[in-house]
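Enquirer: In case you want the letters, here they are:
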Amino acid sequence: MLLISCPNCGSRDETEFHYGGQAHVAYPENPNELTDREWAEYLFYRDNTKGAFAERWLHSTGCRQWFNMLRDTVTYEIQAIYPMGSPRPDAAGKVTAETGTASTAADSTTTGSAAPSIAATSTFPTSSTTAPEGATK
Amino acid sequence: MSTHQLPEHPDFLWRNPEPKSSYDAVIVGGGGHGLATAYFLAKNHGMTNIAVLEKGWLAGGNMARNTTIIRSNYLWDESAAIYEHALKLWEILPEELEYDFLFSQRGVMNLAHTLGDVRESMRRVGANKLNGVDAEWLDPQQVKELCPILNISDNIRYPVMGATYQPRAGIAKHDHVAWAFARKCDEMGVDIIQNCEVTGFVKDGNRVVGVKTNQGTINTEKVGLCAAGHSSVLAEMAGFRLPIQSHPLQALVSELHEPVHPTVVMSNHVHVYVSQAHKGELVMGAGVDSYNGYGQRGSFHVIEHQMAAAVELFPIFARAHVLRTWGGIVDTTLDASPIVGNTPVENMFVNCGWGTGGFKGTPAAGMTFAHNIATGEPHRLNKPFALERFETGALIDEHGAAAVAH
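These protein sequence lines map, in sequence, to chains A and B. So the first sequence is numbered by the working numbering: it starts at 37 and just counts up by one. So the second sequence is numbered by the working numbering: it starts at -15 and just counts up by one.
Just so you know, the hints here were simulated from the structure itself, not pulled from any lab data. Heads up, some of the hints might be wrong.
[Said to hold, decoys possible] Calculated from the model, a selection of chain B residues having no Cβ within reach of chain A, i.e. all distances over 10 Å:
{"id": "1", "residue": "S5"}
{"id": "2", "residue": "K27"}
{"id": "3", "residue": "T98"}
{"id": "4", "residue": "G100"}
{"id": "5", "residue": "G110"}
{"id": "6", "residue": "E171"}
{"id": "7", "residue": "N190"}
{"id": "8", "residue": "Q199"}
{"id": "9", "residue": "H253"}
{"id": "10", "residue": "H255"}
{"id": "11", "residue": "A261"}
{"id": "12", "residue": "G264"}
{"id": "13", "residue": "M291"}
{"id": "14", "residue": "A302"}
[Unchecked claim] FRET-style restraints, in silico, Cβ to Cβ:
{"id": "15", "chain 1": "A", "residue 1": "A62", "chain 2": "B", "residue 2": "L307", "range": "44 to 52 Å"}
{"id": "16", "chain 1": "A", "residue 1": "N66", "chain 2": "B", "residue 2": "G223", "range": "23 to 31 Å"}
{"id": "17", "chain 1": "A", "residue 1": "T71", "chain 2": "B", "residue 2": "M221", "range": "22 to 30 Å"}
{"id": "18", "chain 1": "A", "residue 1": "Q58", "chain 2": "B", "residue 2": "Y142", "range": "31 to 39 Å"}
{"id": "19", "chain 1": "A", "residue 1": "V110", "chain 2": "B", "residue 2": "I300", "range": "34 to 42 Å"}
A quick note: this is a predicted structure, and the numbers were derived from the prediction, not measured. Cβ atoms here follow ideal geometry from the backbone N, Cα and C, with glycine treated the same way.
Model the full structure from these sequences, guided by the hints.
Expert: Rendered as structure tokens:
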């Protein structure tokens, strides 16, 4: 059972949330130009990382807002929680440059342009401190 | 259903050889599917210079963590074909392997709790019959006659409105299944190498020519991946991606009880499935955890949910004690159907994506995958389950009939 720190509502039980799979999968900028292979990649292929994994969660019975989470898929330790549309923090919590083809596009499920408040949670990444030291490699 | 039916444990069922420097084929994963694949490679294709590599101990992964249910009442033609072939093999394997793994064809019921369930269930009975799979529709009274401990009163939240029933379905003792395959593989010269973790692959261009392990590099002409929850980790080492996601799936057993539950009962709607093991434990399972995980443990709320469903359906279970819970890592696909076939790497083949349904498919997975590895081409039964279906859109969406959430 995960205890998830919603950026808006604070720490709540996993049962209040809905899992949204891998984060940072942008909708193709030019879907008409994709080959069948590329379209299949977008629809069906997701990373299945053993270790630190960036994923989306929806606080469905609370604020109903989506956010991103960096979580270890072996220990289930939650290493960082950060807004939709923000780049993925690295293991030490520092925000790294976005990679991929659509770096400026917001995630497809983002609920608005305003990032959620960061005041409510201690695990939310600020400029320099987030995940515990040595949380993952 | 008593302990005196259990076969004696022989002292040795297989050797524990050192890996040789090369094999004609290497199977990665010493669970049910890997062992069955090796068995059919040897038996059907005469390939005995082969090795099965297992990073832990034999059949200690998902094979040791499943709920032992065997059935073939799937909706779509492709699934019905491969699972029904598996069931036919289950029916002859105890004799063929000369080892009684306690295959008990006590029947499986899939309960219907809503009008939607009833319509879907009747449709599946019709589809099953057209595919030569035994299937019946039972009304609540017939359900009660087959399984007297089921609560069929209509004053519960989701009353039992009937059930599909497959009389030939049932359970088998999973450990004995693995041992039976391993023993025969060993007799035919297959090397089963435990504590042998794959750390990488050796390629010549796009062709796999070897497997790197913690016991050294093994040269081989062909590699078959049978690692269930860890298939995408292996695929990444080999340089390609798989459209699968790994999730924890839990099950639990009660303490031992006198025989009370004569069949297997599954409910997709309230979501629990229950049978009684030969020794007397009630064996229960439900859905996977929603999130990706490799931790071989799951969330407690999933167990709470399945227990609530079980106690409402079987009031007699209310005072049963949970003896043990455990979790396996299942590899799920978007269409809830397995992937068996060729990969983008030449001479490397993959059998994965069975999700929560791998145990029942073990013999057919092994038979078709062995054919695919030996000949380089899919067997007619696994051809529809190729990786290409995600590109062509020819998906086999079995969510409706898979009976548990993937």
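Enquirer: Evaluate each hint against the coordinates.
Expert: Structure-based check of all given hints:
1. Under the 10 Å C-beta cut-off, the non-interface status given to S5 (chain B) relative to chain A holds; the minimum distance is some 29 Å.
2. Every CB of chain A lies more than 10 Å from the CB of K27 (chain B), the least distance being 33 Å, so the non-interface label holds.
3. Separation of T98 (chain B) from chain A is adequate, the least Cβ-Cβ distance of about 23 Å exceeding the 10 Å criterion.
4. Distance check for G100 (chain B) against chain A: the nearest CB is about 22 Å away, which clears 10 Å, and the non-interface claim stands.
5. No beta-carbon of chain A is positioned within 10 Å of the beta-carbon of G110 (chain B); the least distance is around 30 Å.
6. Listed as a non-interface residue, E171 (chain B) keeps its Cβ farther than 10 Å from every Cβ of chain A; the least gap is roughly 35 Å.
7. Distance to chain A confirms N190 (chain B) as a non-interface residue, since its nearest Cβ pair spans about 16 Å, more than 10 Å.
8. Distance to chain A confirms Q199 (chain B) as a non-interface residue, since its nearest Cβ pair spans about 21 Å, more than 10 Å.
9. Annotated as non-interface, H253 (chain B) keeps its C-beta farther than 10 Å from every C-beta of chain A; the closest such distance is 19 Å.
10. Every Cβ of chain A is farther than 10 Å from the Cβ of H255 (chain B); the closest lies at roughly 15 Å, confirming the non-interface assignment.
11. Non-interface status of A261 (chain B) relative to chain A is upheld: no Cβ of that chain comes within 10 Å, the nearest being about 27 Å off.
12. With a least CB separation of 30 Å from chain A, G264 (chain B) remains clear of the 10 Å interface cut-off, as annotated.
13. Against chain A, the non-interface label of M291 (chain B) holds: every CB pair exceeds 10 Å, the least being about 15 Å.
14. Annotated as non-interface, A302 (chain B) keeps its C-beta farther than 10 Å from every C-beta of chain A; the closest such distance is 23 Å.
15. Evaluation of the 44 to 52 Å hint for A62 (chain A) and L307 (chain B) yields a pass: the beta carbon distance comes to about 47 Å.
16. Taking the beta carbon of each, N66 (chain A) and G223 (chain B) are about 27 Å apart, inside 23 to 31 Å as hinted.
17. Hint check: T71 (chain A) to M221 (chain B), Cβ distance near 26 Å, so the stated range 22 to 30 Å holds.
18. For Q58 (chain A) and Y142 (chain B), the Cβ-Cβ distance of about 34 Å falls inside the hinted range of 31 to 39 Å, so the restraint holds.
19. In this structure the hint that V110 (chain A) and I300 (chain B) lie 34 to 42 Å apart at CB holds, the actual value being about 39 Å.
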